[in-house]
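Protein chains: 6
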Amino acid sequence: MTDDAESRHDRGRRTLSRIHDRVGESVVAQLSDIAPDFARHLVEFPFGDVYSRPGLDLRSRQIATIAALVTLGHAERELKWHIRGGLNVGLSRDEIVEVITQMAIYAGFPAAVNALLVAKETFDEIAAAAEEESRQQDA
Amino acid sequence: MTDDAESRHDRGRRTLSRIHDRVGESVVAQLSDIAPDFARHLVEFPFGDVYSRPGLDLRSRQIATIAALVTLGHAERELKWHIRGGLNVGLSRDEIVEVITQMAIYAGFPAAVNALLVAKETFDEIAAAAEEESRQQDA
Amino acid sequence: MTDDAESRHDRGRRTLSRIHDRVGESVVAQLSDIAPDFARHLVEFPFGDVYSRPGLDLRSRQIATIAALVTLGHAERELKWHIRGGLNVGLSRDEIVEVITQMAIYAGFPAAVNALLVAKETFDEIAAAAEEESRQQDA
Amino acid sequence: MTDDAESRHDRGRRTLSRIHDRVGESVVAQLSDIAPDFARHLVEFPFGDVYSRPGLDLRSRQIATIAALVTLGHAERELKWHIRGGLNVGLSRDEIVEVITQMAIYAGFPAAVNALLVAKETFDEIAAAAEEESRQQDA
Amino acid sequence: MTDDAESRHDRGRRTLSRIHDRVGESVVAQLSDIAPDFARHLVEFPFGDVYSRPGLDLRSRQIATIAALVTLGHAERELKWHIRGGLNVGLSRDEIVEVITQMAIYAGFPAAVNALLVAKETFDEIAAAAEEESRQQDA
Amino acid sequence: MTDDAESRHDRGRRTLSRIHDRVGESVVAQLSDIAPDFARHLVEFPFGDVYSRPGLDLRSRQIATIAALVTLGHAERELKWHIRGGLNVGLSRDEIVEVITQMAIYAGFPAAVNALLVAKETFDEIAAAAEEESRQQDA
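Protein chains in written order, with our numbering: chain A, 361 to 499; chain B, 361 to 499; chain C, 361 to 499; chain D, 361 to 499; chain E, 361 to 499; chain F, 361 to 499.
Do not rely on the hints blindly, as some may be mistaken.
Since copy identity is lost for identical chains, a pair holds within one copy or between any two.
Okay, derived cross-link-like pairs now, DMTMM-like style, lysine to aspartate or glutamate, Cα gap no bigger than 25 Å in a straight line [what the hints assert, rightly or not]: (1) Lys480 / Asp381; (2) Lys440 / Asp498; (3) Lys440 / Glu493; (4) Lys480 / Glu385; (5) Lys480 / Asp393; (6) Lys480 / Glu404; (7) Lys440 / Glu481; (8) Lys440 / Glu404.
Hints were generated in silico from the structure; no laboratory data involved. These numbers were taken from a predicted model, which means no experiment stands behind them.
Whole structure, please, built from the sequences with the hints as guidance.
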């Protein structure tokens with residue numbers, strides 16, 4: 361592997377970690393087990409090539425991705441990752457709810473209802489983890 | 361019709377016109393012919409209820425909508441309207457191309473290729489109309 | 361071919377012709393050219409096996425089919441056939457517009473807008489053909 | 361809120377309850393928690409504006425909705441609600457099975473298989489609840 | 361039922377069993393309970409009419425089907441059946457992973473990620489069943 | 361650009377040209393005009409990374425791609441390219457028709473009907489071009 365390919369991979373890892381934190385690494389690890397080349401492509405193309413590009417800020421990119429995942433309808437697992445990713449790069453919960461609400465117009469109400477229930481679950485998980493962490497710090 | 365319902369309709373018309381200019385009115389007129397109530401719903405729900413909400417700026421909303429329309433794949437007519445709408449509320453051509461490029465990850469390359477060809481056509485039409493207008497002003 | 365297979369085919373042709381009139385035959389003929397077995401399956405499975413079943417009247421079946429085709433989004437050609445088919449088995453134009461309008465909730469507004477424009481085109485073609493026919497009878 | 365907006369909301373609640381009984385209220389309550397405006401839109405647009413319209417009977421509307429939800433493929437939660445809704449407004453179990461069977465033609469066999477398994481689960485739940493209720497009355 | 365219809369059904373059962381082994385029968389049995397005619401159509405049209413045709417080998421047919429199910433996105437249950445079916449007619453695990461990887465291009469990365477996780481689960485189940493069987497033979 | 365990145369691009373061009381002949385180059389040229397980076401990604405990811413992998417022969421890959429494009433439903437332009445691509449890497453017309461026919465099971469009959477009409481058009485264009493070429497050689 362030459363420097364450039366390596367930096368494409370490194371750039372991908374950096375952006376993946378910037379957006380998805382430890383969740384990104386765990387997904388890549390899960391996939392590496394069954395499809396190591398796919399796991400590499402996932403780091404290099406979406407994150408190394410696309411999300412790393414300077415033409416659009418990460419907050420706008422997460423808006424686009426959340427809109428796409430709601431519209432696909434069958435990508436609840438990825439939606440959860442990217443709702444967390446959206447929060448990580450500066451979207452508020454209310455803004456995420458706004459984006460999903462708007463999708464009722466384009467993807468239909470069932471897709472929006474399902475996505476809102478995913479958002480609720482994600483927000484609850486984050487709150488539960490934060491509570492758990494603060495409990496451990498107090499102990 | 362009471363005041364509130366009227367202002368919902370008025371609010372919809374204002375937002376529709378803010379985003380879509382004369383194109384919006386022409387679509388509503390086309391639909392009014394065959395389905396007048398649907399045309400009214402189109403003004404009132406997407407534009408009166410959703411796009412008019414304060415929680416997200418129109419530039420972010422157009423990013424979400426363009427992402428959704430690329431992902432749907434079968435909505436080239438609406439994509440054209442919303443690419444124009446995106447330009448009207450402050451997205452640059454390069455930003456629109458970035459959003460579509462990113463959709464290759466979620467909606468697949470065919471959806472992104474088709475959307476880029478729609479964007480090209482839309483940009484060309486706008487350039488042609490501008491040229492035509494400047495020619496008439498010179499005459 | 362035995363009697364039963366033949367009657368399955370015949371039953372399919374009868375139901376196809378009941379719903380789609382001469383349009384059905386022309387579609388089957390077009391397909392027979394490139395994929396004769398597919399054309400036979402199209403007559404035998406959807407029309408011979410499903411639409412011919414007694415458990416649901418043809419009017420209700422056309423409501424379901426129009427809803428499905430609007431939702432698919434990429435099936436405008438078939439939507440046109442089935443709007444005509446719906447009229448042939450007793451749906452009114454207004455009822456067809458109602459079904460499409462309702463689809464905005466499930467398939468999104470773009471799918472409904474596109475379907476309404478297809479309905480408009482179909483109704484216009486039928487009106488033009490009727491006018492043409494009455495002109496020829498007067499001559 | 362003026363009278364008209366209120367009656368639009370009230371009309372929506374009435375129609376929602378007519379079709380979905382207590383299930384509808386529970387969905388609205390769940391959504392109100394995370395997205396109160398969306399929950400209001402859900403009552404007002406689909407149920408207040410569309411399902412309440414006189415141009416198509418509720419039985420026909422549920423046929424269209426079940427067809428759409430099977431075709432979407434990713435809306436099993438909503439399909440379950442609307443299968444119950446269909447029974448509530450007069451569709452028989454056999455008619456619902458007919459509509460789903462017909463969808464194999466348009467949405468493919470996997471979508472139809474999945475929907476039939478959802479229907480089976482829904483019918484079983486209803487039977488179990490009825491049995492439970494009769495057991496309690498006997499006690 | 362005449363000879364020909366019977367042989368169509370028999371041909372379907374034979375091909376179903378060739379591809380899906382006991383899994384096919386169990387799916388048909390599950391569906392027979394709620395929709396016996398649909399269960400019969402499932403044997404006769406996909407398996408009796410299409411998969412039994414000589415123009416394409418079963419290995420190629422399973423490649424096409426796995427590609428389609430990944431693209432649909434909402435058919436994880438069927439994907440699992442057909443990954444097993446692919447192994448039964450001669451595809452290797454690596455070839456199945458290749459087909460799914462390629463689908464990232466057309467159906468998007470979320471559909472491919474989800475399908476790879478389904479493949480992993482299927483391969484693990486097969487390994488666990490084989491281990492269990494060998495344990496019982498040793499006992 | 362380093363050697364490795366260049367060879368990834370070169371490998372992509374070679375595979376693209378192997379499958380799509382001059383059509384591939386013309387698509388890339390069209391896209392380069394509006395989205396040069398996307399055009400580069402299209403060469404490098406699908407063709408340089410995926411289609412160039414040794415784990416599956418190109419004939420099998422085209423079967424998977426045609427199946428996916430029929431299932432997407434909105435990718436008729438790409439379907440035409442890949443039907444030509446399938447012929448270029450050794451699929452017969454009858455095998456392509458078989459793959460599309462089989463998709464009626466998974467993507468529904470409308471998607472299959474539309475794809476067969478695209479195949480017919482593609483085959484006719486190839487025949488017309490061949491005739492034209494032989495006429496020019498005779499002259």
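Now the hints, each set against the structure:
no.: 1; hint: Lys480 / Asp381; in the structure: both (20 Å within a copy, 24 Å between copies)
no.: 2; hint: Lys440 / Asp498; in the structure: neither (29 Å within a copy, 45 Å between copies)
no.: 3; hint: Lys440 / Glu493; in the structure: within (21 Å within a copy, 38 Å between copies)
no.: 4; hint: Lys480 / Glu385; in the structure: both (23 Å within a copy, 18 Å between copies)
no.: 5; hint: Lys480 / Asp393; in the structure: between (31 Å within a copy, 9 Å between copies)
no.: 6; hint: Lys480 / Glu404; in the structure: between (31 Å within a copy, 22 Å between copies)
no.: 7; hint: Lys440 / Glu481; in the structure: both (9 Å within a copy, 21 Å between copies)
no.: 8; hint: Lys440 / Glu404; in the structure: within (21 Å within a copy, 28 Å between copies)
The earlier numbered hint that this structure contradicts is number 2, and it is the only one.
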